[in-house]
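**Student:** Spelled out from the first residue to the last, the chains are:
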Amino acid sequence: MQMCRRCLLIWTLALLGVALLALAGLPELAVAGAIRAQAWSEEELAVLSSLRLSQLPPAPADPSNRFESSPAAAALGQRLFFDVRLSSNGAVACASCHDPARQFQDGRATSVGLGSGSRRAMPIAAAAHSPWLFWDGRKDSLWSQALGPLEDAAEHGGNRLRFARLLQAHYREPYEALFGPLPALDGLPQDAGPLGSGAERAAWQALDATTRDAVTRAFANLGKALAAYEKRLHHEASRLDGYLDGVVAGQPTMPAALDASEINGLRLFIGKARCISCHNGPLFTDQHFHNTGVPPRNGGAADRGRAATLATVRRDEFNCLGPYSDAVPGQCQELRFMVRQDPTLEGAFKTPGLRGVALRPPYMHAGQIATLEAVVRHYAEAPHAAVGRSELRHRQGCENGAAQALQPVELSPAEQQDLVAFLRTL
Amino acid sequence: MKHSLALLLSLLLCLQLGACMTPPQNLDLSLSKPTVQDKYRVTLQPMVAAIAINQLHAWQVQVTSPSGEPVLHARIAVDGGMPQHGHGLPTQPAVTQELGGGRYLMEGMKFSMTGWWEIKLKLDSAERGADAVTFNKVIALPVASKT
Numbered sequence: 038m039q040m041c042r043r044c045l046l047i048w049t050l051a052l053l054g055v056a057l058l059a060l061a062g063l064p065e066l067a068v069a070g071a072i073r074a075q076a077w078s079e080e081e082l083a084v085l086s087s088l089r090l091s092q093l094p095p096a097p098a099d100p101s102n103r104f105e106s107s108p109a110a111a112a113l114g115q116r117l118f119f120d121v122r123l124s125s126n127g128a129v130a131c132a133s134c135h136d137p138a139r140q141f142q143d144g145r146a147t148s149v150g151l152g153s154g155s156r157r158a159m160p161i162a163a164a165a166h167s168p169w170l171f172w173d174g175r176k177d178s179l180w181s182q183a184l185g186p187l188e189d190a191a192e193h194g195g196n197r198l199r200f201a202r203l204l205q206a207h208y209r210e211p212y213e214a215l216f217g218p219l220p221a222l223d224g225l226p227q228d229a230g231p232l233g234s235g236a237e238r239a240a241w242q243a244l245d246a247t248t249r250d251a252v253t254r255a256f257a258n259l260g261k262a263l264a265a266y267e268k269r270l271h272h273e274a275s276r277l278d279g280y281l282d283g284v285v286a287g288q289p290t291m292p293a294a295l296d297a298s299e300i301n302g303l304r305l306f307i308g309k310a311r312c313i314s315c316h317n318g319p320l321f322t323d324q325h326f327h328n329t330g331v332p333p334r335n336g337g338a339a340d341r342g343r344a345a346t347l348a349t350v351r352r353d354e355f356n357c358l359g360p361y362s363d364a365v366p367g368q369c370q371e372l373r374f375m376v377r378q379d380p381t382l383e384g385a386f387k388t389p390g391l392r393g394v395a396l397r398p399p400y401m402h403a404g405q406i407a408t409l410e411a412v413v414r415h416y417a418e419a420p421h422a423a424v425g426r427s428e429l430r431h432r433q434g435c436e437n438g439a440a441q442a443l444q445p446v447e448l449s450p451a452e453q454q455d456l457v458a459f460l461r462t463l
Numbered sequence: 004m005k006h007s008l009a010l011l012l013s014l015l016l017c018l019q020l021g022a023c024m025t026p027p028q029n030l031d032l033s034l035s036k037p038t039v040q041d042k043y044r045v046t047l048q049p050m051v052a053a054i055a056i057n058q059l060h061a062w063q064v065q066v067t068s069p070s071g072e073p074v075l076h077a078r079i080a081v082d083g084g085m086p087q088h089g090h091g092l093p094t095q096p097a098v099t100q101e102l103g104g105g106r107y108l109m110e111g112m113k114f115s116m117t118g119w120w121e122i123k124l125k126l127d128s129a130e131r132g133a134d135a136v137t138f139n140k141v142i143a144l145p146v147a148s149k150t
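Line by line, the protein sequences give chains C and H.
Each position in the first sequence, counted from 1, maps to that position plus 37 in this note's numbering.
Each position in the second sequence, counted from 1, maps to that position plus 3 in this note's numbering.
It cannot be assumed that every hint is accurate.
What the hints assert, rightly or not - To spell it out: a stretch of chain C is covered by chain H in this simulated footprint if at least three of its residues, at any positions, have a beta carbon under 8 Å from a beta carbon of chain H; those stretches are:
#1 79-88
#2 186-196
#3 375-387
Said to hold, decoys possible - Anything over 12 Å on all C-beta distances counts as not near chain C; from chain H, calculated:
#4 L34
#5 Q63
#6 L75
#7 E110
#8 K113
#9 K123
#10 R131
#11 A133
No wet-lab data here; the hints were simulated from the structure.
Built from N, CA and C at the ideal position, the CB exists for glycine as well.
Bound conformation, chain H alone (with noise of 0.2 Å):
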């Protein structure tokens, strides 16, 4: 019975321990979201087919308004960084370009290594105001290919 105890004690250890870098289970993943103050609402689209460890790569940017109306003449300024490990992107990204329909880019994207980062954005304009929206991405390696 001590054995088990013990068995039992050490299992829930490793499971704590794993706990801790994987991301958390219930994280909303959405890259599709209304700002804190439901001032506007914000979309982010990678544009690269897969993101690669240690690459830069861009974003675009969609801000609308809840109702959907295109917001233009946006600032948007970028921060981010691994929750878990207490460190920041390793890049200062930023909104380089406005490309019209409500649509930014965002450049200098990079993540250094796998897990659960924060992309956090602080969106500003003329007619609606300052807000902040925080994204949630999980960087993951490909599947391993027999190659």
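Pulled out of the complex, with its shape left as it was, chain C reads as follows (with noise of 0.2 Å):
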């Protein structure tokens, strides 16, 4: 038996040795075996194909909102979206933080509004593919995203009745339009809402609930607006999409679009880094949460980030089986059948989809991480989490218990480096 592995090696060598030597002296053999170096198997062209652009259908439809698709909703959202009007100091517009010259982001680490953000801002293009909103899922709908920040003080400081009364000045026509008449707002406050200031707070009680639901009822139009308007952002292909779009058809001349490090970063990307685990299909994002280790913002306080919203994404007045919801409760699969109770999400934040991601730094949830380079390296590395259980080590495990005795993935600096040059042809 020993025999017969040592001649077998032997013979291999040989083999070996003597393709070298034939693509040593033949330059057109030597070209087809570069060809073939790079050349993928069945199981990963699967998977560069599933990577492609192209493959991505569109963004399913969300029952929640009934404007969604209208374009007079999109053309009225996209004027709110730029309308620094839409704070409490008339500076924070939501492009404010979400800027389309930056892919819809304002590479900063945590956003500044009125105040600061504890969170990095997030770009906008596909969102609508996401079935949670925020880093930490907190929201179940692009309209239901947007009303948050409308209303955290830190942000844009506003409250609902203030944003009726904007409405009603500056985008009447449009806002009945579509969505039927704004309340009779003569001879109530200026402000009032249910998670302002005090004063704001007070008036907002001192409110009928009849006036109560209207002005919500508008304030939550607002946010269908201004989705119909951020379903319409989309990704352009890459560079990767045209090499990819060349791989699968078969098109020799097209892998020219990436370089043998690039390629090399793509191969690790869906082999040996896992990096495929979270980061799949066209936009590079399993829209799930995972807690991989990644420290909080200058030693703070730990972020627990899914596991602090599985309860109140399920009471929010905005979600999908509420009352300023178009969805009957049948359409809420997402909802009626969300993960309740996970030790996993404790500290677990949403896999950001990479398109684009070399032109976005900082990196994580709250800009934790400077460069791409500093990234690939923190998943080399694998730390533990401050808060719950990464899952970087769990990767590396071929079945549970054994997992706990195994290394995470070796990647060499080189190997590091290749990453790195695949994330920028994203």
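Got two chains here, each in a separate frame; can you build the complex from them with the hints?
**Tutor:** Structure follows, in structure tokens:
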């Protein structure tokens, strides 16, 4: 048996030697060899094909927003998105932190509105593919998401009665053409809302239930118009898509769109480095929540992420099952079947999509990591989590139990560089 | 000789690492099997032609006695996850309807990545009592089409 293995090895080496000699002697064969060296297996081709932007299906319909496909709602939403009057200091619009010139984000570790936030602004393109919005998934639709920052004291600092007044003063015609009459606001205070300052909350409580409901409905409609605009924001095909389309179509000239380092980075991404486990599909995200041991910002308090929002999203008045949703309960599948308790969601954050990622430093949910190089190093080092349990070490294990004995994926400095080179093609 | 030994070792290492994320060779992929204590026979059937990653979909659960009699009014709890990754299902599926003839509707199923998933059912009924069964399902990507 021992002899047989040795024979086989010697034969293999001999054949390799002959092949190498042949390649050295014949330039055209050497070219063929280089192409073969880049060749992908059937299994790898299936993965590569699945990453192409052309494979992205249309974003699922949101039954909770019956205006999302309306061009008039999108046009209204676009005007609202850039309107700084949607803030208590007249200086903060949605576009302040979601700048179209910067992939609808702000390049800051944590965003600055009226005050300082605690999380990184997320880009908006293709956000409608996410069943859960924000890093911690505390909202279940684009329109519900859009309402959050408007009433957040650190962001727009507004209140819903003030927003209803703004709609009445500046957007009455397009609003009423879509949503019907705005509520009568004569005799009501200037500012009132359930999440504002003490005075605003007291003023809100003093309103009768019918008025509160009518004002809240106008506020929800504002969100639905913003969502109709945001749903139209898409990704453009990247250099990687050109390469992948060529590889999948079997066109030998197309693969030149990526260089050797980028191709090796791609091979690592879908192979040994296992990035593909979570960063899958045309958007490079599984849209789920994972704890990967990213440290709290500046040694601050640990952030529980998804675990802290499992209850809040279910009782949110603006969720799919709530009174301002246009859906019937049977259509709210994601909310009905959401995970309600799962220890692995402690300290877990949403897997961000990676398209255009090279132009969006700093990284992670609070901009904790400044560069792509440092991000890749983080995954190679796989530190323990400050809260909950990092999944990174799990991923290296074969079976439960055996997992703990195994070390993280080893990535040499050169391999880490190749991964970064690949990420720049996205 | 030293070189060839190194080559062999690195080959073995590659194979081992690769094996971590590929499902075990002898995985029982049958979607029809008896429960652990043989109180029931359970047959699962996805209600979509092809299971796509990250798409919510429903399954039909058929429950019979070992001899093939339909079991009515069974209570069925659903759980599952990826044994190789140490995480559960991305959703909390549930049996939402009894369809008649021992058939049940299981909604809210979703798989967020390719690979080996377990679907674990706990069953209970007045006539036959509590039992459990685990199914294996390997989620794969469709073969690359040239379009």
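**Student:** Evaluate each hint against the coordinates.
**Tutor:** Verification of the supplied hints:
1. With a cut-off of 8 Å between beta carbons, the segment 79-88 of chain C has 7 residues touching chain H; three or more are needed, and the interface restraint holds.
2. As drawn, the segment 186-196 of chain C meets chain H at 0 residues by the rule of a beta-carbon pair under 8 Å; below three, the given contact is violated.
3. Judged by the Cβ-Cβ criterion of 8 Å, the segment 375-387 of chain C is covered by chain H as claimed, because 5 of its residues qualify and three suffice.
4. In this structure L34/H is separated from chain C by more than 12 Å, as the shortest Cβ-Cβ distance comes to about 21 Å.
5. For Q63/H, the non-interface assignment is confirmed: its Cβ lies about 16 Å from the closest Cβ of chain C, beyond the 12 Å cut-off.
6. Here L75/H stays apart from chain C, with its beta-carbon at least about 24 Å from theirs, past the 12 Å limit.
7. Here E110/H does not stay apart from chain C, with its beta-carbon only about 7 Å from theirs, under the 12 Å limit.
8. For K113/H, the shortest C-beta to C-beta distance to chain C comes to about 8 Å, within the 12 Å cut-off, and the non-interface label is violated.
9. Even its closest Cβ contact with chain C, about 14 Å, leaves K123/H beyond 12 Å, as expected for a residue assigned away from the interface.
10. Non-interface call for R131/H relative to chain C: holds, since the shortest CB-CB distance, roughly 27 Å, exceeds 12 Å.
11. No beta-carbon of chain C is positioned within 12 Å of the beta-carbon of A133/H; the least distance is around 21 Å.
In this structure, the earlier hints numbered 2, 7 and 8 are contradicted, and the remaining ones agree with it.
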